[in-house]
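The task is simple: from the sequences and hints, build the whole structure.
Chains as they are written, first to last, in the numbering used here: chain U, 1 to 136; chain H, 1 to 112.
Treat the hints as calculated values from the structure; they're not laboratory data.
All residues carry an ideal CB built from backbone N, CA and C; glycine is no exception.
Treat the hints loosely; a few may be bogus.
Result set (DMTMM-like, lysine to aspartate or glutamate): computed pairs, CA atoms no more than 25 Å apart in a straight line [said to hold, decoys possible]:
1) U:109 to U:92
2) H:102 to U:108
3) U:5 to U:108
4) H:106 to U:92
5) H:15 to H:27
6) U:5 to H:34
7) U:5 to H:18
With the C-beta cut set under 8 Å, the calculated list includes, among others, these residues of chain U facing chain H [stated by the list, open to error]:
8) 39
9) 48
10) 49
11) 50
12) 74
13) 76
14) 103
15) 112
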Amino acid sequence: MTRNKLYTLLTVLSLSGYAWLVFQLYAEQQNSGIGQVCIFKSVTNLPCPSCGSTRSILEIVQGNLLAALYINPLGFLFVSVLLILPLWIIADLLQKSDSLLKFYHHTEKWISKKPVALVLIVLVLLNWGWNIYKDL
Amino acid sequence: MEAQKVDMFIMSNNKFFESHHIPQIRELLLKADDSKWALVQTLQFQDPTTILIVSLLAGGFGVDRFMIGDTGLGVGKLLTCGGFGVWAIVDWFIIMGATKDKNINKLQQVLY
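Put into structure tokens, the structure is as follows:
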């Protein structure tokens, strides 16, 4: 993964994330959503591990932290990533440094360690089970 | 390395690499020392076709990316439900190329 490739990908991802959120906020005011977009849920009728994160983020934006936690705790992760990532990319581009790339490789190595990976897999599975139980 | 050995390696492993990389691989191997031969032979490459099947079935959870060693992208795909399904579909078309890139990187790491 080269620096430019990673930064382009992350910029596109966070921009589409913001676009999606703005669209959802607008749709909520108009009371007209486009309904469900998750392919996994449409096919199997079961929520996927990240189903509900949009609703969770919208609750966080409105200040209902407990409600957000109940819908999907991943919302907090997305909010922090969406807040930090663009600022970090801009700072890196201005200073011509590659600290984000180094951090990315570092995290990738850390996540690949067996104990860390196991804990994370269990957490994702637990969250997924909870999603299915709540019938999001 | 002897040309015969190199050609044998390329014949048995050419499905793991892009066709335009084959001449470059051939030159690298010809220039490499004979002591690398045992190491090169024990390398395990990922089969692009297998990864494509995984991508078609479980791409929405990022399993394909985890398998070829792109852990960061795998996590990204898993947590965004395959990038709203868009990224998962894009990956159906680029995952074979990505796998072949990973394979040539692996070979280069051993040879340099």
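In ascending order, which of the hints set out earlier in this document are inconsistent with the structure? Of the numbered hints, 4, 6, 13, 14 do not hold.
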